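Under this note's numbering, the sequence shown has 148 at position 151, and the numbering climbs by one with no breaks.
These are calculated hints, taken from the structure and not from any lab test.
Note that the structure is a prediction, hence the values are computed from the model and not measured.
Don't take every hint at face value.
Restricting the straight-line Cα-Cα distance to at most 16 angstroms, the calculated cross-link-like pairs of lysine to aspartate or glutamate (EDC-like) are [to be verified]:
no.	residue 1	residue 2
1	Lys165	Asp194
2	Lys250	Asp217
3	Lys270	Asp312
4	Lys52	Asp71
5	Lys175	Glu56
6	Lys302	Asp337
7	Lys128	Glu108
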Amino acid sequence: MKKILGIALTAISAFAYNLAPAQTKTINITKNYSGSIYAKNQVMVATRLMGYIKKMNVEEGDVVHKGDILFEVDPSDIYSMINQARAGVMQAQNGVLMAKLAYADADKDYERFKNLYAKGAVSKRDFEKMKLNRDMRASQIKLAQAMLAQANAALQRALDQKKYAKVKAPIDGVVVRKLTKVAEMAIPGHPVLVLADLNSIQARAFVKEGDVKEIHKGQDAKVFVSAVNKTVGAKVSNVIPSADPATHSYLVKFTLNDKKGLLPGMYAKIYVKVASKQEVVIPYNALTSRGGIVGVFVDDNGKAKFVQVSVVSQDGNEVAVSGLKAGDKVVILPPANMTDGTSL
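Can you make the complete structure from the sequences, with help from the hints?
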């Protein structure tokens, strides 16, 4: 008899069901939107030289760091400018030398006429001519030295231009557009590349007009980026108060708490918290369906009873539902053959 009773108890325990109470909790009501990652700041990279693109080191989509060489301009014209500037310096140096030699001769004549004038051997008029000639030669030295300074400055400018032949990345970023190819002419002030600043990465999405009234600056959000399988915290940074006339949707921008690994153009799923409210919450694995109707089995005096519910929202392993009240006990993982009246 004891053996039979033990077998019976074992059989009952084998078919025991786990129950969980429905609870009232404060849940966040969220809405989700399809969006993308983008760079708020973009930099147009141009050359300060006019010349043909000799070498291009990057392609669209490449990540670059500040100081990386992006492309090179053919420096042939620069070397020609440098050679001309050097010739100008040599000519100016020669001019200074000739002016100093002319001054030395004029100074000797001045000293000789000065002694003669003191002895009364020459007229005052002839002596003053020598003095004027010496002063003029001194002025010519200053003029020649000024011309030498200009020639040296022109040479330095030409030498400085040579370093501009190699164009470096001004920021950490990603190449989003390439506007000029190898062997094409680069013109000063005209962009060759467009870089997106990785430090200014944000998210954006278009929100339908019926939802925009629920979204405001500073609102909490979460952004899931499937390309890197990453969810980051975010906040609404701006709601553009002008709708797209075709879709009647509004552009909303979000700042991100963590930008690591994110690149412009990546697809993003954006979840925005629009409200908080009290709801009845149950474990997600209590949900089942019968005849295409979503519901749960509750404990009705030891018997299973199917109750239809509507899912309000889900947060992890919990779902908020309508159709139950706090304290109702629901069956966890109800088997497919469970029906109303099944003993619990």
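Hints and how they fare:
no.: 1; hint: Lys165 with Asp194; verdict: holds, 15 angstroms
no.: 2; hint: Lys250 with Asp217; verdict: holds, 12 angstroms
no.: 3; hint: Lys270 with Asp312; verdict: holds, 12 angstroms
no.: 4; hint: Lys52 with Asp71; verdict: holds, 8 angstroms
no.: 5; hint: Lys175 with Glu56; verdict: holds, 7 angstroms
no.: 6; hint: Lys302 with Asp337; verdict: holds, 5 angstroms
no.: 7; hint: Lys128 with Glu108; verdict: holds, 9 angstroms
Checked against the numbered hints above, the structure breaks none of them.
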